[in-house]
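Enquirer: Same order as they appear, the protein sequences are chains P and G.
Per the numbering used here, the very first residue in the first sequence carries number 1; after that it's consecutive.
Per the numbering used here, the very first residue in the second sequence carries number 1; after that it's consecutive.
Hints were generated in silico from the structure; no laboratory data involved.
Here the structure is a predicted model, which is why all the values come from computation and not from measurement.
Heads up, some of the hints might be wrong.
[To be verified] Label pairs and their in silico Cβ distance ranges: (1) P:56 to G:30: 38 to 48 Å; (2) G:8 to P:85: 50 to 60 Å; (3) G:15 to P:1: 10 to 20 Å; (4) G:15 to P:38: 53 to 63 Å; (5) G:67 to P:20: 34 to 44 Å; (6) P:16 to G:107: 47 to 57 Å; (7) G:150 to P:108: 16 to 26 Å.
Note that beta-carbon positions come from the ideal geometry of N, C-alpha and C, so glycine has one too.
For reference, the chains in residue letters:
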Amino acid sequence: MRNGVILLVFLGGLAAGVVVSAIQPPQPEMKSPYPALGAVPEPSAAAALAATVESGDAGTLATTLDEEAIRGLGRAIGVVPIIEDVRFAGTAALGDSVLVGYIVVGSDPQGPSISGFTVTVDPGGKVVSIR
Amino acid sequence: MARLDRVRSIAVPLLTTFVAGALIGVLIVASFGPALTNIPVLTGPRETTSARNLMVGFMAGDPRARGYVISHSGQDSPQWALFETTNAVGNRTLELKLVELSNLTLSPETLTHLGAGSAGPFGTDLYLVQLRDEKGDLVYQPFTVYTSNGQVVDVR
Numbered sequence: 001m002r003n004g005v006i007l008l009v010f011l012g013g014l015a016a017g018v019v020v021s022a023i024q025p026p027q028p029e030m031k032s033p034y035p036a037l038g039a040v041p042e043p044s045a046a047a048a049l050a051a052t053v054e055s056g057d058a059g060t061l062a063t064t065l066d067e068e069a070i071r072g073l074g075r076a077i078g079v080v081p082i083i084e085d086v087r088f089a090g091t092a093a094l095g096d097s098v099l100v101g102y103i104v105v106g107s108d109p110q111g112p113s114i115s116g117f118t119v120t121v122d123p124g125g126k127v128v129s130i131r
Numbered sequence: 001m002a003r004l005d006r007v008r009s010i011a012v013p014l015l016t017t018f019v020a021g022a023l024i025g026v027l028i029v030a031s032f033g034p035a036l037t038n039i040p041v042l043t044g045p046r047e048t049t050s051a052r053n054l055m056v057g058f059m060a061g062d063p064r065a066r067g068y069v070i071s072h073s074g075q076d077s078p079q080w081a082l083f084e085t086t087n088a089v090g091n092r093t094l095e096l097k098l099v100e101l102s103n104l105t106l107s108p109e110t111l112t113h114l115g116a117g118s119a120g121p122f123g124t125d126l127y128l129v130q131l132r133d134e135k136g137d138l139v140y141q142p143f144t145v146y147t148s149n150g151q152v153v154d155v156r
């Protein structure tokens with residue numbers, strides 16, 4: 001009984017300590033006064049590209065992308081030497097085109113590494129640029 | 001008096017135990033809090049406040065934010081011409097603007113946060129910026145904002 005009470009008081013103190021230290025003054029957040037573009041479903045061409053990047057299939061990338069797109073992709077993911085995951089982030093409807101964002105998670109010799117790239121897909125469903 | 005001693009003999013150990021627990025709780029949060037907040041399963045991939053502040057500042061023409069974005073993303077070079085436009089006139093207009101980049105007069109239109117991700121203490125936020133030039137053409141540029149422990153460390 002006594003031990004149980006002591007344990008309860010200890011756990012109560014522990015919870016109080018966690019709550020008190022977790023309550024921090026929030027960083028002043030600047031709300032965006034600018035509207036955001038609407039989201040659309042992920043285009044299949046972009047999804048296929050992301051899957052190809054994740055699988056490390058350089059041969060397919062070389063045959064499906066033009067030189068400028070390959071350079072753009074290289075610049076974007078160059079900071080992640082070992083790619084472990086390519087995650088869909090979101091889309092934005094850009095007129096008739098769609099801009100799709102992907103997060104690249106992996107590692108380098110120093111530890112975890114992360115980057116991102118955006119794919120522009122034209123109205124015909126073709127990947128036209130990568131940044 | 002004896003009653004007071006009895007209350008004290010019970011309350012002091014309990015209070016000590018409570019304070020000890022609270023101190024350990026503070027230590028746990030201080031030690032593992034940042035790591036816990038970087039686990040996407042717990043928090044979800046959400047927009048980093050410092051990244052948003054930077055991009056809103058960039059859009060609003062804040063000199064510090066605009067200078068940071070331009071200098072880190074290499075947009076002070078002819079790469080600024082990578083801004084895409086809907087037609088050739090708009091593209092040429094942008095190229096001419098290279099000479100007055102520091103006084104960029106494009107008016108902000110939209111700021112879209114595409115998404116975010118994290119790996120350990122590092123994070124990435126993807127943005128799409130849309131601006132309108134003096135001719136009325138819309139131009140856009142995606143930006144990747146890199147963060148470490150919640151603070152912006154790079155923009156590309």
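Enquirer: So, for every hint listed, does it hold in this structure?
Expert: Hint check results:
no.	hint	verdict
1	P:56 to G:30: 38 to 48 Å	holds, 40 Å
2	G:8 to P:85: 50 to 60 Å	holds, 59 Å
3	G:15 to P:1: 10 to 20 Å	holds, 19 Å
4	G:15 to P:38: 53 to 63 Å	holds, 57 Å
5	G:67 to P:20: 34 to 44 Å	holds, 39 Å
6	P:16 to G:107: 47 to 57 Å	holds, 51 Å
7	G:150 to P:108: 16 to 26 Å	holds, 21 Å
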